[in-house]
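A.B. asks: Letter by letter, the chains look like this.
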Amino acid sequence: MESKIENRKSEVRGAKSKIIAVNDLHKSYRIGGQPLQVLRGVDLEVQASEWLAILGRSGSGKSTLLHLMGGLDRPDRGGVDFRGEPVFALRGRALDLYRSRHVGLVFQFYHLLPELSALENVLIGAMVRYTTLGYLSERSAIRQRAEGLLQRVGLTDRMKHRPTKLSGGERQRVAIARALINQPDVLLADEPTGNLDADTGSSIMELFRGLHDEGQTIVMVTHDERIAAAADRRLTLVRGKLDA
Amino acid sequence: MFKLLLISKYLRRKLAPLFAALAVTICTAMVIIVISVMGGFLDTLRSSIQRMSPQVKVTTRSMNGLEHYEALCEKLKALPEVAAATPVIQTLALMEVAGQRTQVGVVGIRPEELADVVAFRDALFWRKQMFIDDAQAKIDDPKASQTQREVWQHYKQAWEQLDLVGDGMRLKPSPLLVGSEEMAGLPGAVPGIAAFPFGRRDAQGQYPVSENAIGLELTLTVVPITRKGALQDPALRKFVIVNEFKSGHYEFDSSLVFVGFDQLQGMLRMNAYDSVELDPETGEVLGGGERVPGRASEVYISGSPGVSLKDLRDAVDRVLMTYKQEHNAPWAVSETWEEANEVILGAVKNEKGLVTFLFVIISIVAIVMVATTFYMIVLEKTRDIGILRAIGASRGGIMGIFLGYGLAVGVVGSVAGFALAWGIVTYLNEIQYLLNAWFGWQMWDPRIYAFDRIPARVDYRNEAIPIAAGAIISAVVGALIPALLAARLDPVEALRHE
Chain A
1 MESKIENRKS EVRGAKSKII AVNDLHKSYR IGGQPLQVLR GVDLEVQASE WLAILGRSGS
61 GKSTLLHLMG GLDRPDRGGV DFRGEPVFAL RGRALDLYRS RHVGLVFQFY HLLPELSALE
121 NVLIGAMVRY TTLGYLSERS AIRQRAEGLL QRVGLTDRMK HRPTKLSGGE RQRVAIARAL
181 INQPDVLLAD EPTGNLDADT GSSIMELFRG LHDEGQTIVM VTHDERIAAA ADRRLTLVRG
241 KLDA
Chain B
1 MFKLLLISKY LRRKLAPLFA ALAVTICTAM VIIVISVMGG FLDTLRSSIQ RMSPQVKVTT
61 RSMNGLEHYE ALCEKLKALP EVAAATPVIQ TLALMEVAGQ RTQVGVVGIR PEELADVVAF
121 RDALFWRKQM FIDDAQAKID DPKASQTQRE VWQHYKQAWE QLDLVGDGMR LKPSPLLVGS
181 EEMAGLPGAV PGIAAFPFGR RDAQGQYPVS ENAIGLELTL TVVPITRKGA LQDPALRKFV
241 IVNEFKSGHY EFDSSLVFVG FDQLQGMLRM NAYDSVELDP ETGEVLGGGE RVPGRASEVY
301 ISGSPGVSLK DLRDAVDRVL MTYKQEHNAP WAVSETWEEA NEVILGAVKN EKGLVTFLFV
361 IISIVAIVMV ATTFYMIVLE KTRDIGILRA IGASRGGIMG IFLGYGLAVG VVGSVAGFAL
421 AWGIVTYLNE IQYLLNAWFG WQMWDPRIYA FDRIPARVDY RNEAIPIAAG AIISAVVGAL
481 IPALLAARLD PVEALRHE
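If you're matching them up, the sequences are chains A and B in order.
Position 90 (the first sequence) corresponds to 90 in the working numbering; numbering is contiguous.
Position 315 (the second sequence) corresponds to 315 in the working numbering; numbering is contiguous.
Keep in mind the hints are simulated off the structure, nothing from the lab.
Among these hints, one or two may not hold up.
In silico DSS-like links for lysine-lysine, alpha-carbon gap of 27 Å or less [as the list claims (entries may be wrong)]: (1) B:K128 with B:K138; (2) B:K9 with A:K165; (3) A:K160 with B:K9; (4) B:K143 with B:K172; (5) B:K324 with B:K77; (6) B:K352 with B:K75.
In this text, all values refer to a predicted model and were calculated from it rather than measured experimentally.
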């Protein structure tokens with residue numbers, strides 16, 4: 001499937017075509033021995049270069065949906081197609097490669113590795129994607145790209161700083177740079193401003209706007225309507241289903 | 001690549017890997033040190049026993065002795081496998097030196113022949129150079145007066161004339177060292193250096209020149225036993241100590257005295273004689289005149305260069321078979337040096353095995369400590385594992401981080417343990433001297449043990465390197481379960497981990 005995805009990637013890049021299709025997605029959890037139905041048949045299509053915002057209250061299943069789209073979790077029923085290929089048909093390393101090559105994940109709590117500097121946190125995304133020899137052969141190009149991304153998110157002078165020495169906004173910028181290091185087809189952002197003050201949140205949205213203008217497909221979940229307003233299209237998750 | 005980056009970062013972090021590495025270091029060092037000391041003890045014991053034990057001996061394991069030992073020696077010497085053979089006589093005796101009486105084992109020997117079979121010549125302790133050096137030290141002493149220097153200069157010149165090894169080999173006293181003409185005419189004796197009831201070692205376990213017993217009169221009393229087993233009147237004979245021997249094996253050094261073969265044979269009435277048959281009523285000579293052969297206790301044999309102990313023993317057994325038939329000596333048997341000393345060698349060997357086993361058990365603690373430490377690290381790093389899985393790291397990659405981490409901790413701990421053990425084993429005696437000097441604590445009292453120094457050596461090929469490698473494997477095994485747990489973590493759950 002990987003090769004099929006790669007072959008189609010060049011055909012559809014830049015064109016307004018379906019990149020992700022979510023079909024009748026169901027997901028439940030067991031909490032205290034009781035089943036909790038979170039998603040009850042979600043259907044969704046994401047077009048290439050689209051910026052989609054999914055709104056919903058806390059606990060509505062937004063993050064679960066995003067995790068399923070990112071191949072981090074498996075549904076009870078239904079599926080996710082990426083460029084027409086079912087993601088959950090992938091197993092093992094193929095699914096790992098889907099996560100590292102085709103999607104970039106940004107989390108509310110940044111999820112940076114505390115032992116690594118800002119630059120290393122960005123580079124590790126590429127290290128995970130490539131084999132050791134592959135990484136070493138591309139090392140200078142990758143490093144250049146990582147430094148370019150950090151420059152792009154305004155952290156030129158903070159590259160060697162560890163996450164604990166960075167503000168919340170700066171950490172989120174590092175997380176965005178990490179998500180972009182492998183030039184993913186889709187950026188999946190889970191409440192990217194949820195842990196930031198209004199001004200910092202706005203600056204992150206500015207960053208997303210710039211990426212979107214360059215053709216980056218973005219799927220963002222948020223509970224904040226003002227943040228969602230920046231997106232091209234907004235959907236609301238209510239009782240486990242999407243409303244337009 | 002990310003695995004190497006994270007391993008290097010985790011290694012530099014906090015105390016957890018340090019403690020894990022420290023556990024591996026201590027356990028590695030502990031096992032290597034114990035095996036080295038016990039192995040050194042066993043090696044030294046073997047070599048010290050070997051110095052004074054023949055490779056193979058022919059014995060009756062009784063007090064009857066071997067007749068026709070000369071013929072046996074000649075036949076043995078004719079074998080290509082045999083380098084030398086010599087008869088010896090052994091018995092128990094009462095020894096009196098300087099008014100002190102103790103029980104010893106007396107060995108009647110032919111020194112020149114014995115020196116071809118065991119390291120008798122090398123075991124002779126006192127050498128003239130020791131006396132010359134001692135005299136020179138006294139002469140060089142800045143506190144010495146001119147008169148004292150002249151006296152010591154005189155002694156030094158006298159010592160130059162000595163041939164203490166020669167005296168020992170001839171079992172004849174040097175006139176320079178005995179007080180009277182009567183003593184100069186006495187046969188020589190070479191007692192073990194620790195055979196006296198009074199201790200003569202200094203704190204370092206050495207025997208100072210001033211403590212030599214050369215020239216002292218030594219009296220041996222033995223009880224002859226007839227061929228039929230009847231006790232005879234004790235035989236007493238005076239000797240002069242011409243040298244002392246030190247094999248390094250305390251059992252020998254503390255209980256044996258070497259004297260001339262002929263003297264001891266005579267004392268025990270084991271020499272050849274012509275039989276006489278008397279009338280029990282009148283005492284008249286009725287007949288006799290048969291030559292009764294002399295007896296020796298044992299025949300010591302050494303092998304030719306390159307001949308294995310087994311081949312030597314087989315060759316001796318072939319000769320012995322004929323000898324037993326020809327001379328009606330069914331009890332004569334051959335015995336290797338290992339068989340003759342199997343009790344003590346077996347005890348030390350067993351002790352080494354037991355102590356090593358116990359320390360290996362203790363070392364399992366290292367595995368448990370590494371496992372515990374890594375489990376704690378996995379718990380602490382649960383969210384990091386979720387992040388790595390979210391950005392595409394495989395389960396194998398996650399497992400690789402923790403196994404690699406275990407390997408790195410194992411290598412660091414093992415190398416440090418190896419180095420620590422090498423340092424301690426190499427300088428063990430110096431360390432104990434320092435401990436003694438600083439705290440007055442002496443872990444190895446050379447006045448008690450058989451050896452002057454703690455006999456430790458590192459056997460790199462058979463012991464130290466396998467142990468160090470085992471420690472690395474143990475660390476990886478310790479990291480295995482936490483690594484499996486880390487790899488099995490659900491990424492979404494891991495990301496939610498607080």
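A.B. asks: Tell me, in ascending order, the numbers of any earlier hints that this structure violates.
C.D. replies: 4 and 6
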